[in-house]
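Protein chains: 2
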Amino acid sequence: MRLLVDRVVGRDVRALARAVSILERGGPPAHALAVELYPHGGGALVVGITGAPGSGKSTLVDALIRAVRSRGARVGVVAVDPSSPFSGGALLGDRVRMGDHAGDDGVFIRSMATRGRLGGLAPATADTLTALDAAGLDVIFVETVGVGQDEVDIMRLAAVTVLVLVPDAGDDVQANKAGVMEIADVFVVNKADRPDADRLVAAVEASLALSPRAAGDWRPPVLKTEATRGEGVGEVWQTVESCVAQAGEGRHAARYRARLEWRLRDAVAHLAVQHVADTTTPEQWDAALQQVDSRGLHPAAAARELLQRAFAHASGAPA
Amino acid sequence: MRLLVDRVVGRDVRALARAVSILERGGPPAHALAVELYPHGGGALVVGITGAPGSGKSTLVDALIRAVRSRGARVGVVAVDPSSPFSGGALLGDRVRMGDHAGDDGVFIRSMATRGRLGGLAPATADTLTALDAAGLDVIFVETVGVGQDEVDIMRLAAVTVLVLVPDAGDDVQANKAGVMEIADVFVVNKADRPDADRLVAAVEASLALSPRAAGDWRPPVLKTEATRGEGVGEVWQTVESCVAQAGEGRHAARYRARLEWRLRDAVAHLAVQHVADTTTPEQWDAALQQVDSRGLHPAAAARELLQRAFAHASGAPA
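Here the protein sequences come in this chain order: A and B. In short: position in the first sequence from 1, add 3, done, that's my numbering. In short: position in the second sequence from 1, add 3, done, that's my numbering.
FYI, nobody ran anything at the bench for these hints, they're computed from the structure. In this text, a Cβ means the ideal position worked out from N, Cα and C, and glycines have one as well. Don't take every hint at face value.
[Stated by the list, open to error] Output of the computed footprint for chain B on chain A, the stretches with three or more beta carbons under 8 Å from beta carbons of chain B:
1. 28 to 40
2. 234 to 248
[Unchecked claim] Quick partial rundown of chain A residues pointing at chain B, CB under 8 Å, derived from the structure:
3. Leu7
4. Ala206
5. Glu208
6. Ala212
7. Val225
8. Leu292
9. His301
10. Leu310
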């Protein structure tokens with residue numbers, strides 16, 4: 004483990020790939036590795052790129068990789084796919100995309116499979132980002148579909164979040180992005196050659212004008228791109244950098260703290276469930292399920308009994 | 004509280020509305036109420052209706068309400084909206100939809116606001132369903148956008164889940180529904196008058212053919228509807244009832260148990276976080292955040308310290 008961490012910190016890409024695989028599998032080895040990698044992170048700029056399927060966000064990420072690589076920075080991409088909560092793995096397999104960068108040692112691309120485990124995808128993604136960060140990547144793009152609590156949680160891991168919208172996707176789509184719109188720092192209307200692009204820009208700006216925002220806070224701009232042709236991509240990157248330059252002020256500071264708090268609370272939840280699982284016998288677990296099923300106990304009351312028993316153990320401490 | 008529960012169980016719709024508001028606000032009053040309502044539930048059929056914005060799922064729910072009401076059953080609808088994790092409330096306000104049923108005492112409609120709280124939206128939705136169930140509603144439709152872990156969790160609360168798809172939404176959309184496709188019991192291709200409807204039906208059937216399924220298991224059918232005209236809606240409802248009639252066998256039994264287990268694990272996570280919050284001083288919390296931020300401690304290690312301290316308290320028991 005020590006050796007693997009040293010190799011990751013030494014920027015060995017194969018070691019990094021192995022580390023990420025361990026982190027994705029979860030369990031005690033993942034936990035031990037994450038704890039050892041954690042002190043070596045903190046230097047990377049994590050940028051969330053969020054958008055509905057078909058919005059062209061992968062194409063935008065591809066163009067951004069080029070823009071960032073041309074400055075000599077090393078780049079990571081973590082693509083988060085919804086997947087089966089039952090099969091325990093990605094139904095579509097590991098996406099191999101952006102093949103153009105395959106021969107470039109300065110680009111590390113990885114897809115995450117959602118696995119329906121409690122605590123969701125976000126903690127595994129957080130640890131994967133830590134590994135890429137520890138491996139000295141300068142910029143890490145996290146690409147997510149922008150709907151759902153899990154996605155919002157993952158967006159919280161990013162210092163800056165870019166929301167990619169596309170004309171003609173229907174008003175309903177935009178309206179349902181409410182949660183995501185609140186969290187985005189930069190709005191991109193991609194496929195800006197489509198007729199309704201300007202209308203969408205105006206609609207987003209109108210929506211932003213309604214959000215309360217303190218004086219001096221970052222004002223999310225709405226940019227237009229044609230990612231397939233590289234149009235507007237340079238401006239997106241400059242805007243991301245401007246947003247980072249404002250970090251520490253107003254909304255940024257509040258978001259940063261909220262992000263830390265969320266990670267800590269999530270870790271508490273995850274560890275408590277793990278400790279209950281480790282200290283409860285199958286018979287005790289079945290008895291609790293039975294009581295909830297027969298409506299003799301509300302799930303929260305059954306959970307209280309399980310927690311009390313788990314933490315009354317000799318050690319009294321989760322492993 | 005006792006009185007409110009009695010009135011809910013006595014099918015008082017205004018009491019039910021008040022109970023749901025209390026449950027949505029969360030905290031100790033919500034918890035106490037949920038515990039008291041829980042023994043009175045268990046009779047309702049909970050049907051999940053899931054689909055992307057624009058798929059016409061609300062229109063389908065509307066048509067299903069009519070179909071179910073025509074048989075004299077009492078109906079509830081819980082619409083789950085993505086919303087702001089920052090504002091603490093629904094950005095779009097409470098949706099008032101399906102106005103046709105406004106004067107019908109046998110139809111109770113409610114929208115849930117996502118609030119970004121730990122444990123997500125699913126526990127609040129579970130308790131809301133329990134309240135509607137305790138109030139003697141026979142059928143409860145839960146309407147969700149079908150992407151994201153939170154949505155998958157909410158779908159787990161349903162005995163039967165209907166996934167609404169729409170032609171021309173693009174292959175990418177369908178592919179990204181992998182997690183949701185695994186959990187759906189009935190597939191509906193809505194807007195079936197569109198030219199690509201049959202192609203979509205064939206694509207879904209091909210995808211289903213790839214899923215492993217034991218002999219005797221429910222085989223999810225793919226139905227076509229034009230919900231705006233009521234076309235095919237009766238068949239959807241008959242299919243839902245057939246699916247329920249198979250409950251207890253094979254996949255159904257496994258899903259039922261998985262659902263119970265998920266609720267219990269989720270309750271453990273929720274309660275542990277609450278107990279840490281109740282027993283940790285602001286100074287202790289800030290110190291933990293500081294250590295995580297400076298990378299002195301991995302979030303999981305900081306969480307372990309918080310849990311140990313919380314459960315070492317005199318009572319040793321979460322409230």
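Each hint tested on the structure:
no.	hint	in the structure
1	28 to 40	holds (count 3)
2	234 to 248	violated (count 0)
3	Leu7	16 Å, violated
4	Ala206	14 Å, violated
5	Glu208	16 Å, violated
6	Ala212	14 Å, violated
7	Val225	18 Å, violated
8	Leu292	5 Å, holds
9	His301	4 Å, holds
10	Leu310	6 Å, holds
Hint check: violations occur at hints 2, 3, 4, 5, 6, 7; the rest are consistent with the structure.
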